[in-house]
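Enquirer: Take a look at the letters that make up each chain.
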Amino acid sequence: MKLPWHPTRLALSLMLLSCMTLAQGQTHDHDHDHEGESLEQGKHVHGEVTINVALEGNSLAVEVNAPALHVLGFERAARSAEEQRVMSEANAWLKSGTSIIGVPTTARCRLQSVEFTPPSATAKHPDYRASYLYRCEQPASLAWVELWALRRLKGVEKVEFTLLNGSVQKQLELGSAPGRIALR
Amino acid sequence: MLALRSLRNRRTTALLTLSAIAISVALLLGVQKMRTAARDGFANTVSGVDLIVGARSGQLNLLLYSVFRVGDATANVSWSSYQKIANHPDVAWTIPISLGDSHRGFRVMGTNNDYFEHYRFAGDRSIRFTSGQRFADLYDAVIGADVARQLGYKLGDKVVISHGLGNVSFAHHDDKPFRIAGILERTGTPVDRTVHVSLEAITAIHLDWGGGMQAQGDARISAEQARAQNLTPESITAFMVGMRMKVMTFTMQRAINEYRLEPLLAIIPGVALTQLWNLVGIADTALMIVAAFVVLAGLLGMLTAILTSLNERRREMAILRSVGAQPRHVFTMLIAEAGLLATAGVLAGVALCYGLLYAAKPLLESRFGIFLDPGGLTGYDVGLLASIVFAALLMGAVPAWRAYRNTLSDGLTIRV
Chain X
281 MKLPWHPTRL ALSLMLLSCM TLAQGQTHDH DHDHEGESLE QGKHVHGEVT INVALEGNSL
341 AVEVNAPALH VLGFERAARS AEEQRVMSEA NAWLKSGTSI IGVPTTARCR LQSVEFTPPS
401 ATAKHPDYRA SYLYRCEQPA SLAWVELWAL RRLKGVEKVE FTLLNGSVQK QLELGSAPGR
461 IALR
Chain G
2 MLALRSLRNR RTTALLTLSA IAISVALLLG VQKMRTAARD GFANTVSGVD LIVGARSGQL
62 NLLLYSVFRV GDATANVSWS SYQKIANHPD VAWTIPISLG DSHRGFRVMG TNNDYFEHYR
122 FAGDRSIRFT SGQRFADLYD AVIGADVARQ LGYKLGDKVV ISHGLGNVSF AHHDDKPFRI
182 AGILERTGTP VDRTVHVSLE AITAIHLDWG GGMQAQGDAR ISAEQARAQN LTPESITAFM
242 VGMRMKVMTF TMQRAINEYR LEPLLAIIPG VALTQLWNLV GIADTALMIV AAFVVLAGLL
302 GMLTAILTSL NERRREMAIL RSVGAQPRHV FTMLIAEAGL LATAGVLAGV ALCYGLLYAA
362 KPLLESRFGI FLDPGGLTGY DVGLLASIVF AALLMGAVPA WRAYRNTLSD GLTIRV
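If you're matching them up, the sequences are chains X and G in order.
Just add 280 to wherever you are in the first sequence, counting from 1, and you've got the working numbering.
Just add 1 to wherever you are in the second sequence, counting from 1, and you've got the working numbering.
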C-alpha cells in the first residue's frame, strides 16, 4: 500500500535525517570520553581545537584549548631529545602569548597577562589550555581577529570558535584556516 | 517605449500578470522577513544572561527546561553549590529557577525579584509590568501575558498551584492559595506562559508534602504557620548568572563545569540557542522553498500571458515590420515587455510587502509577541529580487524568439 505523503511524516523524516547527521558527526569526532576518567576532564576531541574570544570595554580575552596531539604532534611523554625540544618550544610559545591571535594594529592591543600551565605528564589525553588577556587602547577598531595560533598547531580539522561581545554570544565552526573573523 | 505602449494596449492582462508577480514577490519577501524575525526572536528569547547553570546533562536539555520550560531537569542543583557560585566575587547577580509545579497547564516557576531586574529579551528589553508589581508577600504570584489573557485573570485574583505538571493534576496546593500581585507585558518569549512565584513560596507549599502527597491531620502546616518556618530551599532546578566582567565568562564556565562537589553544567545561552536553531531552522528553509515556487508560478503565469498574446499580436508585429522595424527590434520589444512586467511586479510586491508588514506590526507584537522590524532591503533581498527580474528576462526570451521567427515568415496578410 502506498502511504500518502503526509506532512507529519515529512516532518518526522526530516527530524530523523537531522538526527542521523548528528550521530554521524559524533562518531566522526572520535570522542575520547572514556568512563572511569575523572569528571573534571573537559572534552578532548582529536582534530578539534577550541578558541574563545571575549570582548568588553578595553579588555580582550582569548582562550585556546587544544589536545596535546595538535600542539606537539604526539600525545605521550617525550621519549627523545627531539620530542623534548618540541615540547619545551611549545610551552615557551604558549607562555609568551605571541602569535596567538592577530587584531587590527590600530586597536593597539597589549598583552596584559597569560595563564598557562603545561598539561600533566600522567594524563591519558593531555590538553593544552592557555588564556590571554589583552588591553586595547582603541577597542572600537577591533573589527576582526585572525587565529594565528592555528598556523603553529598541527593536524587541526575543525575550530570551535566562541565569541562574546556585548549582547552577541555566538559559536562558529571553522576550518583549519578560517582567515579573518568579524567581531561584530 | 514601444513595449510600454504595446502593454498599455493590453492593460487588463498586463495588470493581472503584474499583480500575480507582485503578490508572489510580496509573499517571498514576507517569508524572508518573517524568517529573519523568527530567527532573531528565537535568539532573543533570553539575553543579558552570561551563563545558565544546571545539573550536568546536555546543553540543549538545560536550555529547553530553563528558558523554554520544555522537558525536565535530570537532577537539581543543591542550595549550597548555588550559594557558593552566587557569592563568587566575579558574579554580579544570579536568578534562581525552581520548576516542577503548574497552574492549569501553565508552568509555575519559583524565582526571586532579581528575575524582574536582570532578565532581558530581544536585545535589551527588560520585563515590564502591565499592572501590579513584584513579589511583596510570600503568597504573591506574577503572571505572564498569555496566562492573564487565556485564564482571564486580574490583579488580586486567588490562584491555586497544582503539584506536578499536566493540565489535569489531582494534587493541588489548595490550602495555600496565591494572590496575583503583578501581570507582565507581552514579551513573545516563554515568560508569557509562566506563573512566577517566589522561591520561598515553592518551599512553603511543599513543607508538609512527602512521597507525592500532602500530610494528613495534625501534620499539616497551614499557610500562616508556614511563614514562621525556615523557607530556604534545599535545592533549585537551575540558575542564571550575570558576570561582573564578561571576559571572565569562559573562566567561570570552566570552573563550574569542573566543579568537584557536584556535577554541574554551565552553558552560554546564545551558543545553545544557535545550536537549537540549527535543528529547528529546517522548517523555515522549507517555507522559503515554497515561497520561491510561488514566485516561479507567478513568472510562468507571465510567460503564458505573453505567449498566448503572440497570436493576437501577429498583426501588430507585421505592422511594426512594415514601418521599418527589424526582427531584432521585435525580439527586444518582447524581452523588454517581460522585463517591464517583472520589474513593475517586483516593485509593487516590495511596496505591498512593506505596507502589509507595517500594517500588521502592532497586531503581531501584541497578539503573537513577534517583534518585527521591517527594516530596509538587505543585500540578500536585493539579490533575490534582481534574480527574479533576471529570470523573467530569460523567460521573456521564449516568446521573443517565437515572435522573431514569426516576423520573418509572416507577411502583412496573416492567415490564422
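It cannot be assumed that every hint is accurate.
[Claimed, not checked] Calculated lysine to aspartate or glutamate pairs in the DMTMM-like style (CA-CA distance at most 25 angstroms, straight line):
hint : chain 1 : residue 1 : chain 2 : residue 2
1    : X       : Lys450    : G       : Glu259
2    : X       : Lys404    : G       : Glu259
3    : X       : Lys323    : G       : Glu259
4    : X       : Lys375    : X       : Glu355
5    : G       : Lys159    : G       : Asp138
6    : G       : Lys247    : X       : Glu440
I should point out that these hints are in silico values taken from the structure, not numbers from a laboratory.
Enquirer: With reference to the structure, classify each hint as holding or not holding.
Expert: Hints, one by one, checked against the model:
Taken as a hint, the Lys450(X) and Glu259(G) pair is honoured in the structure, with Cα atoms around 22 angstroms apart against an allowance of 25 angstroms. Between Lys404(X) and Glu259(G) the CA atoms are separated by roughly 17 angstroms; this keeps the pair inside 25 angstroms, and the hint holds. Between Lys323(X) and Glu259(G) the CA atoms are separated by roughly 11 angstroms; this keeps the pair inside 25 angstroms, and the hint holds. About 19 angstroms separates the Cα atoms of Lys375(X) and Glu355(X), which keeps this hinted pair within 25 angstroms; it holds.
This hinted pair checks out: Lys159(G) and Asp138(G) have alpha carbons roughly 13 angstroms apart, not beyond 25 angstroms. The hinted pair formed by Lys247(G) and Glu440(X) meets the criterion: a straight-line CA distance of about 19 angstroms does not exceed 25 angstroms.
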